[in-house]
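Novice: Here are the chains, one letter per residue:
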Amino acid sequence: MSQQTPLYATHVAAGARMVDFAGWDMPVNYGSQIEEHHAVRRDAGMFDVSHMLGLDLEGADAKAFLRGLIANDVAKLVEPGKALYACMLNEQGGVIDDLIVYFLSDTAYRIVVNAGTADKDVAWMQQRLAATGAAATLSVRRDLAMIAVQGPNARSKTWAAIPGAEAASAALKAFQAATFGDIFIARTGYTGEDGFELTLPASKSVSTWAALTAAGVKPCGLGARDTLRLEAGMALYGNDMDETVSPLDAGLAWTVDFKDENRDFVGKAALVANGTRQQALGLILEDKGILRSHQKVFTAQGEGETSSGSFSPTLEKSIALARLPLGVAAGDAVEVDIRGKRLKARVVKPPFVRNGKALV
Amino acid sequence: MNTPNDLRYTASHEWVRVEADGTLTIGITDHAQEALGDVVFLELPEAGRSVAKEEAIAVIESVKAASDIYAPVAGEILEANQAALDAPESVNADAYAAWLFKIKPANAADVDGLLDATGYQAAIG
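Protein chains in written order, with this note's numbering: chain A, 1 to 360; chain B, 1001 to 1125.
Keep in mind that the hints were calculated from the coordinates and are not lab data. No experiment lies behind these values; they were computed from the predicted model shown. Glycine included, each C-beta is placed from N, C-alpha and C at the ideal position. Possibly wrong hints are sitting among the right ones.
Lysine to any residue pairs mimicking SDA-like chemistry, simulated, CA-CA at most 20 Å apart [stated by the list, open to error]: (1) A:Lys317 - B:Ala1065; (2) A:Lys317 - B:Asn1092; (3) A:Lys268 - A:Gly68; (4) A:Lys288 - B:Ser1090; (5) A:Lys288 - B:Asp1068; (6) A:Lys120 - A:Asp242; (7) A:Lys288 - B:Ala1066.
Derived list of chain B stretches under chain A, where covered just means 3 residues or more per stretch with a C-beta under 8 Å from a C-beta of chain A [what the hints assert, rightly or not]: (8) 1036-1050; (9) 1061-1067.
Let the sequences and hints guide you as you build the complete structure.
Specialist: Here's what the structure looks like:
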């Protein structure tokens, strides 16, 4: 039996095509995925991301515990509402999940994790809390809904939909959040566009979604969310990294903080011992076809593999993220095995698209 | 769901129209195009190719995924639809107008083994 978000009935009433995603019955599109994609690049679209899980970590040792739990360093968060993207690793340096941590105070953090990994994440965090004896408690916030409003007009349309929100959130810079009544407004996202991610009581989600729709924000499904994040060069857990892939090999070295040499975190020793063995780069298919995940890539330096691939509605070409041998560089010509045929592709440095503009 | 009564169908979501000269025009159903989502790429068989019944002979790719298209009956490919190759989204706009390829069946009676509209609707539940 699939789980449903508080917006389930709203999606069905709007004619969404519902599919199972990580055990949740979610809208994949409301008609055309490509139109939804363009709405986010050109105007404003919104996604129900209530299947993702919010967690609150509170206690005297919350900060020290997180510094040992994740590969990025929460010590650099000092302003309330400031967000940090990080990977939570196992002892082998593989990624248990990627997540966002919001600093509320030195003793209180909000963490948002992926839907498909939520149960194992909570179990791992509880196990680490018990093992370290940290004075901190973890609360699961399934009482919350999350709506991502994204696009060049996302902020202004959000302000039109939620009276009073503008004063609370106009000054937010990227990766900052503020509280407005019972809505947590973060200037974050997963599309490569400006916008907000709103966390709010589940009971308010239907009325807020309706107000955003009335303000001209287009409901978008998870299909468009995937092509948007792929164009933005953002990693998807389970595709671009998992428990067998190190963040250093998945293009996420920028999220691993080694600066404080006195800080130990789970997986650090393995990362130091293994170093970087592969690099994550982008591919643009030059022949006709569509790149998908797990296709073999032939380069002058050896074989690699695509980790995510699709059709890019903005570029009108097929693109992919791939893990390739060290030494491969942007501009290189490579070949990709698609159903037994070797097709030509060009290596690029992601992102492919940001803020509505093609960068490759 | 749009399932015209004058066509024949397969459980793998191809529609088949029997033309006056006995040749077959083949595409994918409205149900299939809706399940696939936005179609962005087609790979169609070349004219002259001999195909076996249920052989995977074409590929349709939506933004979401790649799917095989199967020969409903054995025969010879007469033509692939260049207009559909040039505009894959036409399959979404009208799945029954955007035919994909034509087959000259090896045995005209093979068409009788295909589903009718009622049978196809029952198959997709």
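Novice: Which hints from the list above does the structure break, by number from lowest to highest?
Specialist: Every hint satisfied by this model.
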